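Dock chain U against chain Z, hints included.
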Amino acid sequence: MSITITLIAQVLAFTILIWLVNKHLWGPLSAVLEERQKKIADGLAASEKGLQEQEQAEVRAKEVVDEAKKKAADIIAQAQARSSQVIAESKGKAAEEAEQLIAGAKAEIDQEVNRAKDGLRKQVSDLAVAGASKIVGKEIDANAHKKALKDLIAQI
Amino acid sequence: MSATENADGGGGTVAYIQHHLTNLHTGEGFWTINWDTIIISILLGGVIMWMASKVKNNLESGTPGGFQNFVEMILEFVQTQVKDSFPGHNPLIAPLALTVFLWVWLMNFMDLIPVDLLPTLAAGLGIPYLKVVPTTDLNTALAMALVVFLLTVYYNIKIKGPMGYLKMFLFHPFGKAAVPANMVMTTIEELAKPLSLGLRLFGNMFAGELVFLLIALLTLGATISAGLLIWFPLQVVLDLAWLIFHILVITLQAFIFMVLTIVYLGMAHTEDH
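Same order as they appear, the protein sequences are chains Z and U.
Counting in this note's numbering, the first sequence runs without a single skipped number right up to 627 at its last residue.
Counting in this note's numbering, the second sequence runs without a single skipped number right up to 278 at its last residue.
Treat the hints with care, as some may be off.
[Stated by the list, open to error] Chain Z residues, not near chain U, derived (Cβ > 10 Å throughout):
| # | residue |
| --- | --- |
| 1 | S501 |
| 2 | E506 |
| 3 | A517 |
| 4 | A539 |
| 5 | K540 |
| 6 | A543 |
| 7 | I547 |
| 8 | I558 |
| 9 | K564 |
| 10 | K588 |
| 11 | K593 |
| 12 | H616 |
[Unchecked claim] Below, simulated SDA-like cross-link-like pairs (lysine to any residue); rule was C-alpha separation at most 25 Å, straight line:
| # | chain 1 | residue 1 | chain 2 | residue 2 |
| --- | --- | --- | --- | --- |
| 13 | U | K88 | U | A273 |
| 14 | Z | K510 | U | L29 |
| 15 | U | K198 | U | I162 |
| 16 | U | K59 | Z | L504 |
| 17 | Z | K509 | U | Q73 |
| 18 | U | K172 | U | V268 |
| 19 | Z | K494 | U | M78 |
| 20 | Z | K621 | Z | G575 |
| 21 | Z | K509 | U | I79 |
| 22 | U | K61 | Z | I487 |
| 23 | U | K198 | U | T256 |
| 24 | Z | K510 | U | Q84 |
| 25 | U | K61 | Z | I479 |
| 26 | U | K163 | Z | Q508 |
| 27 | U | K59 | Z | Q508 |
| 28 | Z | K509 | U | E77 |
| 29 | U | K61 | U | W110 |
| 30 | Z | K494 | U | G71 |
| 31 | U | K88 | Z | Q508 |
| 32 | Z | K509 | U | F91 |
| 33 | U | K59 | U | W110 |
| 34 | Z | K510 | U | F82 |
| 35 | Z | K510 | U | K88 |
| 36 | U | K181 | U | I164 |
| 37 | U | K61 | Z | V503 |
| 38 | Z | K593 | Z | Q626 |
| 39 | Z | K494 | U | K163 |
| 40 | U | K88 | Z | D513 |
It should be emphasised that the hints constitute simulated quantities derived from the structure, not laboratory data.
Here the structure is a predicted model, which means the values were calculated and not measured.
All C-beta atoms in this analysis are idealised placements derived from N, C-alpha and C, irrespective of residue type, glycine included.
Bound-form chain Z, shown alone (with noise of 0.2 Å):
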């Protein structure tokens, strides 16, 4: 039990081994230590802004959503006025219209009467000249009368 050359050998052996861990057991598992620090790190911070970036987007899209109902109401309106618009001109062009075939009709009609009333002038005419000529027992000229038949004509 005595210090002996056995003292020189165990620290250089000591030393190999201190110089062994660092290389070989410490260096690369404290750098793969490291590198899942700053990884979770990195995680965390990723996830930080995530939440950020969400409150953001959420802000956002309300904004969005507001205005596209905002647009909506304002189309609704805007239709509704120009249906109500729309149904007026066409309640009054349907009107115009109406008016138009009503007094087309009016005038067809009138016409048809004179027609009517000249057609019945003209047989009254040649009643009026048949029934004289059976009277008097002659032969009436109608042209010679024409003035008096027109006359007639015209008082009826």
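Chain U in isolation, oriented as in the chain Z frame:
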């Protein structure tokens, strides 16, 4: 300490203990080489490196497996100790502390192997002596303490400068009024550090080994008799108790050696005590 002395001295008990306390050695005096100490400690260093290569070959930074977890746990434990008791930053301290912890623990662990198992096996192979616990050899404990001491001196000079280190010797405990006393005190203090560091480990492990030997002596050379009925269960109980206690002791000693290494080197890194 040689074989002939053992044969001359005392009865079987003394011879048994002395045999167990004798290293496998060659040479005389200072030039004695304790082969068992050297070979076993290097083999245990090999165990550490085998562990290192096993971890290194499939390093996983994302989700490590069981063995890597285990090694990482030890590493982080050592790192915490360094962080707690070492001021400043020195990339050598943590690997040094890790080496101390693992190596000392493994060497101490040899103490838990039944005291007669390996020496008997060795005797079967024709090896006359085998002291299996390298830390029960004063040379190992003091060698590590010496390395720590040299590092302490190196960093003292590096951090404080040669003059700063000298000033510590001249003015340290009592101020400028008592320079000679300061020199004596500081020198004793500085030398006591590595000496106590090495001797503490050696003493604890040596005593532990001795207790195992004494427990083993209870039934040494016993013949089948009524007495054996008492001694054998007692031996089993004592052995188990000491073994369980010793698991704590070997870990504690490795831990103390590591922490003191960190603390001594930390003191070397502080400008003012």
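- Task: Check each numbered hint from earlier against the structure, then list the numbers of those it violates in ascending order.
- Result: Of the numbered hints given earlier, those the structure breaks are 1, 2, 14, 20, 25 and 26, listed in rising order.
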